[in-house]
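> Below, each chain spelled out in residue letters.
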Amino acid sequence: METAIFFIFAALALGSAIVVVAHKSPVYSTLSLVLTLFSVAVLFVLLGAPFLGALQILIYAGAIVVLFLFVIMLLNLQKEETARNVRGAQAWVALIGAVVFAGMLVLLFWRRAAPAAGPLTEELVSLKALARVMFTDYLLPFEIVGLLLLVAVIGATVAARKSSDSPGADLGFDRSDEEPKEARP
Amino acid sequence: MNVNPDLIATLVKYGVMFAVFINVAPIMNWVERRACAFIQDRPGPNRVGPIGLFQPLADALKFMFKEDVTPSAADRPLYLMAPALALLPAFTTFVVIPFGPDLTVDGRTIPLVIADVDTGVLLFLALSSLAVYSLVMAGYASNNKFSLLGSIRASAQLISYELALTIAVLAVIIPVGSFRLNDVVAYQQAHVWNFIPQIIGFLVFLIAAFAETNRLPFDLPEAESELVAGFHTEYGAMRFALFFQAEYTNMAALSALGVTLYFGGWSLPGVHLSGWLGAALGLAVLVAKIAICMAVFVWVRWTFPRFRYDQLMRLGWKILLPLSILNLILVAAMTLAGWLGSAPNVS
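Residue numbers (the working numbering), protein chains in the order written: chain A, 1 to 185; chain B, 1 to 347.
This is chain A alone, in the form it adopts within the complex (with noise of 0.2 Å):
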């Protein structure tokens, strides 16, 4: 039962990754990236990390790409034309990713010799498990992390403000302490 889920949740993560890369259209391919997600949050709970998978659906498939979509059909962008242009740059990017592919590939079999951890026990992957080691031995990175996202947010919101004199006003949003100018979707 378990494995038969493994396999069709694992063939649905390869082949709708296919699809973001390969189709055309943009809106599918992030329809197809929601899809990837949901399969690897599948996988997630059949390791044993329910966690883990409720998270990434929550973050990743319930916000993330629904800020992509937003962007995409607010930009109105329509089939992929310019496809021959950049046949170049994704040709070394093919590449670039390969080798590191490959690099991954070399290390796991390599390091086979001597598995470093055991499987992944429910007492390793549990909330309380996961919050302890977070907030004690990784105390550090955790809070490195989220500075660094705090200077994303921030280096966003600056970016933003420049490239035009009244913030987001093409958003919708209008500054707040002023009249409220007619909305934009």
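Treat the hints with care, since some could be wrong.
Said to hold, decoys possible - If the Cβ cut is set under 7 Å, some of the chain B residues that face chain A in the computed set are:
(1) Thr109
(2) Ile110
(3) Leu125
(4) Ala156
Stated by the list, open to error - Label-pair restraints from in silico Cβ distances:
(5) B/Gly236 <-> A/Ile64: 30 to 38 Å
(6) A/Met1 <-> B/Met334: 23 to 31 Å
(7) A/Leu148 <-> B/Ser72: 29 to 37 Å
(8) B/Ser72 <-> A/Ala11: 30 to 38 Å
(9) A/Val151 <-> B/Arg308: 26 to 34 Å
(10) A/Arg132 <-> B/Lys318: 31 to 39 Å
(11) A/Leu105 <-> B/Ser225: 52 to 60 Å
(12) A/Ala159 <-> B/Lys318: 15 to 23 Å
(13) A/Leu75 <-> B/Leu326: 33 to 41 Å
(14) A/Leu75 <-> B/Ile22: 52 to 60 Å
Calculated from the structure, these hints are not laboratory results.
Positions of the beta carbon are idealized from the N, C-alpha and C atoms, including for glycine.
Chain A is already provided as a structure; the job is to place chain B on it using the hints.
Only chain B this time, still in chain A's reference frame:
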């Protein structure tokens, strides 16, 4: 034939909850129209059956026999998939809602919640956050400007409100110490209903719930006076009915989460429920509480005017989000000070 008894129990429990939630839409259809008629001082549907009670049946028949039209310019696969997808989160989220005390049948204890998982509340939030994709798909696939505008609004609205909603829910979890909704109910039975110490969080949850279900005053994706019918402009017959069904089922599921988090769920203060009678009473209490919430949804819809799009965004990001974080800090401080008491028997 040797069948796993746990599987049978789960199927029976799902059947019970499905029976409750599938009937929400037709009943609410009647309630909504009668209530709005009452608020607007007119009779409303009162011809089919006693006080118009059979009107939903007539509507359902009408939906089934109407012609099913697909616009020629529509993106066919997405257009057909969107209404079906709308029902998926609506009929999966209620699996984590507990609806009664543990039952003992044949020596085995059966918790009266379909999926008794550690990540209960998170699973609910994760599944309900997928609801927006059907709206977005419907609007995009219809190839209609009004629909597309509705979809864009839906996605922007979801991002603005889900954060506040999630943080408000997390504040409930802090004193309980468990994502399991049965533990939340047990905690409230031992102490006090959560809406008293967490009134700020409850208000944030309430407002965000209206936005999350696209109900007036936040029905911007639909906004019939601006966008014809928003994301489902191009849908008719049974496909429209599916969106309708999904909207009301989502409302009921979110109401169920709300009453479980803030109003004791299936329990009543000072009453100890157990056994089969307790299970039946628990379900009845839960349904009654959901019904009260749904009445509030209807009451608010016909009382308040619609927010403007920019006002909605401002309310979400500049008022609700800071308020929910303030509530989180307050609840954490109160828990540390020991004012909220500790949770009973949480492992």
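> Please go over all the hints and tell whether each is borne out by the structure.
We went through each hint and held it up to the structure:
For B/Thr109, the suggested interface contact is broken, since its CB lies about 20 Å from the closest CB of chain A, more than 7 Å. For B/Ile110, the suggested interface contact is broken, since its CB lies about 21 Å from the closest CB of chain A, more than 7 Å. At about 6 Å, the closest approach between the beta carbon of B/Leu125 and any beta carbon in chain A falls short of 7 Å, and the interface hint on this residue holds. Nearest Cβ of chain A to the Cβ of B/Ala156: about 6 Å, under the 7 Å cut. The hint holds.
Look at B/Gly236 against A/Ile64: about 33 Å separates their beta carbons, and that is inside 30 to 38 Å. Checked against the hint of 23 to 31 Å, the pair A/Met1 and B/Met334 fails, with Cβ atoms roughly 45 Å apart. In this structure, A/Leu148 and B/Ser72 break the distance hint of 29 to 37 Å, their C-beta atoms being roughly 49 Å apart. About 34 Å separates the C-beta atoms of B/Ser72 and A/Ala11, a value consistent with the hinted range of 30 to 38 Å.
In this structure, A/Val151 and B/Arg308 meet the distance hint of 26 to 34 Å, their C-beta atoms being roughly 33 Å apart. Between A/Arg132 and B/Lys318 the C-beta distance comes to about 35 Å, which sits within the given range of 31 to 39 Å. The hinted range of 52 to 60 Å is satisfied by A/Leu105 and B/Ser225, whose Cβ atoms lie roughly 59 Å apart. Taking 15 to 23 Å as the suggested C-beta distance range, the pair A/Ala159 and B/Lys318 conforms, at roughly 20 Å.
Range check, A/Leu75 to B/Leu326: about 36 Å between beta-carbon atoms, so the 33 to 41 Å window is met. The hint said 52 to 60 Å for the Cβ distance between A/Leu75 and B/Ile22, and at roughly 39 Å that hint is violated.
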